[in-house]
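Q: Chains as they are written, first to last, in this note's numbering: chain A, 64 to 391; chain B, 10 to 314; chain C, 303 to 553; chain D, 51 to 404; chain E, 3 to 231.
No lab work stands behind these hints, which were simulated from the structure alone. It is possible that some hints are incorrect.
[Claimed, not checked] Subject to a maximum C-alpha distance of 27 angstroms in a straight line, what follows is the list of computed DSS-like cross-link-like pairs (lysine-lysine): (1) D:K403 <-> A:K160; (2) D:K403 <-> D:K201; (3) A:K284 <-> C:K423; (4) D:K111 <-> D:K51; (5) C:K312 <-> C:K358; (6) C:K312 <-> C:K324; (7) D:K333 <-> D:K347; (8) D:K78 <-> D:K51; (9) C:K324 <-> A:K284.
[What the hints assert, rightly or not] Coverage of chain A stretches by chain C, computed from C-beta distances (three or more under 8 angstroms per stretch; other residues unrestricted): (10) 261-270; (11) 275-281.
Predicted model, so just to flag it, every value in this text is computed and none were measured. Note that CB positions come from ideal geometry on N, CA and C, so glycine has one too.
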Amino acid sequence: MMRREQILNGAVLLGLIAVPLWAWSSGEPFIITLATKVAVLGLAGVGLNIALGTGGLVSLGHAAFFGIGGYAMGILASHAQQYVPLFEWPLLVEGTKSMPVIWLVAIVFSGLAALLIGALSLRTSGVYFIMITLAFAQMLYYFAISWPAYGGEDGMAIYVRNSFPGLNTLDPIQFFAITFVILCMTLWFNARLVRSPFGTALAAARQNAERVEAVGIDPYKLRLAAFVISGMITGLAGALFADLNRFVSPTMFGWHLSGELIVFVILGGTGRLLGPVVGAAIFITLEHVLGGISEYWQIFLGVLLLGVVLVARGGVIAVIAGKGVAHD
Amino acid sequence: MTIILLIEQVLNGLQFGVMLFLMAAGLTLVFGVMGLINLAHGSLYMVGAFAAAAVAGATGSFLLAMAAALGAAAIAGVIVEMLVIRRLYDRDHLDQVLATFALILIFSEGTRWIFGSFPLYLNIPPYLSGPITLPGDIQYPLYRLVIIGVGLLVAAGLFLLISRTRLGIRIRAGESDREMIAALGVNISVLYTIVFALGAALAGLAGALVGAIQSVQVGMGEPVLILAFVVIVIGGIGSITGALVGSLLVGLTDTLGRTLLPVLFGTFMEASAATTVGAAIASMLIYILMAVVLIFRPTGLYGAR
Amino acid sequence: MTDVVLSCTKISKAFGALQASKDVSLDLQAGEIHALIGPNGAGKSTLIRQISGAMKPDRGTVHFLGHDVTRLSAIERARLGLGRSFQISSVIPDFTVLQNVALAVLGDEGNSFHFFRDLLKGRPTVERAETCIARVGLEDRRAVRAADLAHGERRRLEIATALALEPRAFLLDEPMAGMGAEGASEMTRLLDTLRHEAPILLIEHDMDAVFALANRISVLVYGEIIATGTSDEIRSNAEVRRAYLGEEETA
Amino acid sequence: KVGMITTLSGGGAGLGIDVRDGFLLAVKQSGNSDIEVVVEDDQRKPEIAVQLADKMIQSEKVDVLTGIIWSNLAMAVVPSATAQGKFYLSPNAGPSQLAGEGCHENYFNVAWQNDNLHEGAGAYAKDAGFKNTFILAPNYPAGTDALAGYKRFYEGELAGEVYTKLGQTDYAAEIAQIRASGADSVFFFLPGGMGISFLKQYSDSGIDLPVVGPAFSFDQGILQAVGDAALGIKNTSQWSKDIDNPANNAFVESFQAEYGRLPSLYASQGFDTANLLLSAMGKADIDDADAFRAALKEADFDSVRGDFEFGPNNHPIQDIYVREVIKEGDVLTNKIVGVALEDRGDAYAEKCKM
Amino acid sequence: MTLLSLSDVTASYGAAQALFGVSLTVDEGDVVALMGRNGMGKTTTIRTICRMMPVKSGEVRFRGRSINRVPSHRVARMGIGLVPEGRRCFANLTVEENLVAAARPGDWNFASVSQLFPRLAERHDQIAASLSGGEQQMLAIGRALMTNPTLLILDEATEGLAPIVRQEIWNAVRTLKATSALAILVVDKSIKELASVADHAVIIERGKDVWTGPISGISKDVTDRFLGV
Ligand SMILES: Nc1ncnc2c1ncn2[C@@H]1O[C@H](COP(=O)(O)OP(=O)(O)OP(=O)(O)O)[C@@H](O)[C@H]1O
Ligand SMILES: Nc1ncnc2c1ncn2[C@@H]1O[C@H](COP(=O)(O)OP(=O)(O)OP(=O)(O)O)[C@@H](O)[C@H]1O
Ligand SMILES: [Mg+2]
Ligand SMILES: [Mg+2]
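The shape of chain A in the complex, shown without the other chains:
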């Protein structure tokens, strides 16, 4: 059963490269954009999955980190674009259009935010946790809307994609390659993490925190670490997403986005390594295919999602690959 999931995972990743390559050779750049979107939102979902799938921390506020990542990109790039330093005191900090630097900043700041939000939110659990994470994301959302310096609700357009040494990021396929490599590296990290002592203890704390305490491990610290890692990955995805669109806006902080990330994770299979990627792929494909069919396409989307929950228990991966490492 485990094997089947591994084969499936391989197939999914292959598919995720094959489709844009095919699109590239047949001159369909938009398909590449879609594949990039799958990779980026899948990456955000992978981040969430560490908290949600492995750690059992249902965060309805991951948009906070996604948005922070996005704004890290937006703020740095817009300053670089206008040749205005971010601030001059106590030391001069310039904007930048270099992706690696932006990523680093996105990871650091979303990690810090996750540390703060996590430290406070993890005092609660269950539905209270869902809501308090939502609360923090909503605070940032309203802040971003009414904060005029960086565009408020209008957001910020960054006309030219940021640069990556040695690559032409404006070429869709090259930008896709960047996101895909990052996704794969994160997946590899995630796979190691799940089997590591940390991952094991985290999964144990999800199921029975009292037991974990009794063996002398502090679940709070485990969860906080998981939440921070999760936030950092989602933040990185946010920076990439902003670069994909060359645009950031407060909707990146919106609860719809948090909700969609959760949908990706469940749709693919909670706690499955590639669950979020599969979920994102299905969701985005549906969105674009159904959107062309009818003005009322969301009805069909709703019915399909409902079908998945009711019939395909444990997500699409569970249906194809069997329960295996299921968490029922």
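Given the structure of chain A, go ahead and fit chains B, C, D and E with the ligands onto it with the hints provided.
A: Same frame as chain A, but now just chains B, C, D and E with the ligands:
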């Protein structure tokens, strides 16, 4: 700011709170009692408002419209419960979130398909409209007083139902162990259908009542849904008292924050900056409130510990 | 034999009007099994909770291995070597028996913040876990999910987990509960050897086991210790008979 | 080939549908078979709009983009679309950046600069002799712009200036402030459901100060939902269904015949957008961008709002009317009662360096 | 008269089969002990009787009627009262609410249960979650009695009870047996105590019944083979 205005704003805050409670009541019932996260609660609210608007448009009767709202939402609730929700009780919260999220899509776009994309008309009947004068010469809309009355009635009724009746005990027993309460001879499925329908009817009633002073349109349920969740989480899930206290707290915080913060900032800031900054913080205020409450009381004000 | 490993002094705890512990003083010496018996609701589990750190006493102190641990959390006490089993089995349902025990080994090793090492490929960890599993007789079931175990098997897993912590003292709350006659006698044998590794504070309603094992027995009634003594002393104590044993056990 | 990105699902769908219907009606009436329109739903999400724009440009290879309703979506799409050499004709949103520093020769706004209707309201307030107005708007860029636009022409005192939460539904607190402020009039900009809620609650509060606002809250699509609460209220608009010119009369009639409802402001804007495009197509080939741009700039079409021409920043110079909400039989609608501003351009044109 | 009969019942947890053909009967007024080592399928048998899990093959009859397809709550109303393994009290309800939640009219009511377990009456306002283990066990028994069943099923009902309380419960069972037609199916680990109340015994091994007969007929040989004592 005069004292009279302050009193009036406090009254507005309380009134807004009761209105929130009306929205949150059905949600607490279903969520606290049956352990189900029902994101589609807002959709049932919308169904109630649309049913009321349609019936009011056809018959001109406000009371019939309210009855229609109750009925339509309850029927929608029964159908949804039997087709979907029933299969979700023993699932974890995540599956419930996804399934009811799907229901939102179906309800919203379905409603738009039937009623079109434009807001509908639903208004206060003449015998309830206009202001009356309260002591202290405060002009206050009669209809809002009616909402306060209905809200308090619903609160009392629910409280008695849950804590004092055998039905309430059984429902709560089912929340703790469904299989066991069934093995003791209680038909928990029917019970749950009834509760869900009741919760839906309350949502529908809230939608219709509130719809008369707000706009009846597709998507009207979403902001309400979030607010209602905020309310019941602050109050403590499963507690009717908590939901009431939570609503009042949120109502007061929001209303007073909106009016007082800009004034407060105005004392040390330039006026137009104060209004924007004040308004910005005011819009975050209830989330700040919720976070603070949960940090100090991780299961809400009246939640079980 | 007179080294005191664990002691509590004048512990009191009230739930509202109910005094669940009243000035309870108790100690556990190296190499012994000290049984704590008493009617249902006497406050035995409450006492264990206060000793293990899951609950704070209103008054009184707890000393463990010479440290005052009254202010330490349950986690810190577990790390000092206080192993406990729960009255109601507490396992990780989705983990296999082996994973459950390996988790405890991990807790004992005290470094759960390893992000890359594969837990189940760590030889020493797995070997230690397997020894513990074998000692409770679950070796055939090591790859079964804990959720799929029968009740009695789960009780054994609970003990295996406590063993894996290599504690300096055991707090066992009704380890025999739910075990068949066969299991109970196996468990009795196991505990008998265990006492030499670490002393045991044992709560148990299975009097056959208690009388067979205990070096000392304390009887808790309404939150107070009414008697402490050897098996024979307790068996013949009239007050204990009336409050707890009833007539048959003494026959 | 035209790519239309507009909002067809979710809460704000009514506006997008009207723009689309107005646009398609004009295309149909022209009988011009050279024009192909691809319509996509942006769900009112900027990210989706950006991706759709990419799709239209990269895969559909459209020449002209149009359709966006919301300023924030326009800000997301327009700059990069025009940077890629595409034409963008805005049928609704007109954010100030795109009128000022961010203007572009390929960007044409066929509706208004965002401030226009608010400026009209301010001008009306001045003419009507309001001395002490209470003004409110949601706290987001369009809201601050609205109040700024109003203040640009209004000359009296402000009894109060309040920013509300975006999406707010209960206005009891603001209404109490209005009552206590001693204002002699109220100006508000609350688009969509917010405006409906405000007006219903305002009329139920018993305050009867004159209210003025931009047309958005009094538009055909929304007016029935507001109900009698709106009767008699003055609002400002660049279009009204009773503007008496042949183009408009024909438009109102044919729209009603085609779709069975009265056209809205948005429908008129969609209709004008299509006609502008058609007029340019008649004069120049789209492949000759310079010629086509010049043809667009001439604005040589019969606008339903009468005179229409582009200013230096490709934004309209047009009259802003004052309308009053009236009842025609059972149906609420608007009637023009005056002109607030004549040949109004916008405040940002000089910042535009094209 | 036969009250309950199982013939060749099989059942599985997902893919894992747990019962491989269990047959047994309980007559009116009869006390039957269900015995077997840990994990042999006693609880599973009981779960199939109470319809908490589906019967894969074979038949469960109660009062002459097949209940293979009758939903759980109906079976309970036909007169089966269950004291489940692991107590399963309604944690968020008070003691009294636990008792009245499923009560049906009959001889057993709050007063008579309080008499049987005075401890429960003392703590009637306490939330079940905070009861001691033994108190919860009493509550579970009281709760089942309050449904006034004709067949009472006790799955390890004396687990964790003080010896003196256990004796009281067995005494109560003996009294019930003597004064009413209540039939009882009982699982318990103490063979000695079972012997003093049960009429018949059924021993299960690996999901099959392997020995049935009067309880007095259990020989040393049988206990050695099947019960491992
Ligand atoms: N959180 C609590 N709130 C109120 N009362 C409590 C709480 N926890 C325990 N009690 C009460 O304290 C008393 C002692 O409980 P405890 O669990 O310690 O008993 P015990 O001796 O372990 O009994 P048993 O042998 O039945 O397990 C009981 O009467 C119980 O109901
Ligand atoms: N929920 C479950 N899922 C999968 N398998 C289970 C489950 N519960 C029990 N089993 C398996 O079914 C078999 C029979 O279990 P059952 O609980 O009926 O035994 P039992 O005779 O009651 O044992 P005990 O004396 O320990 O209570 C065991 O092998 C057990 O592992
Ligand atoms: Mg206990
Ligand atoms: Mg069992």
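Q: Now tell me, hint by hint, if it's right for this structure.
A: Right, here's what the structure says about each hint:
no.: 1; hint: D:K403 <-> A:K160; verdict: holds (26 angstroms)
no.: 2; hint: D:K403 <-> D:K201; verdict: holds (26 angstroms)
no.: 3; hint: A:K284 <-> C:K423; verdict: holds (24 angstroms)
no.: 4; hint: D:K111 <-> D:K51; verdict: holds (8 angstroms)
no.: 5; hint: C:K312 <-> C:K358; verdict: holds (13 angstroms)
no.: 6; hint: C:K312 <-> C:K324; verdict: holds (7 angstroms)
no.: 7; hint: D:K333 <-> D:K347; verdict: holds (11 angstroms)
no.: 8; hint: D:K78 <-> D:K51; verdict: holds (15 angstroms)
no.: 9; hint: C:K324 <-> A:K284; verdict: violated (35 angstroms)
no.: 10; hint: 261-270; verdict: holds (count 7)
no.: 11; hint: 275-281; verdict: holds (count 7)
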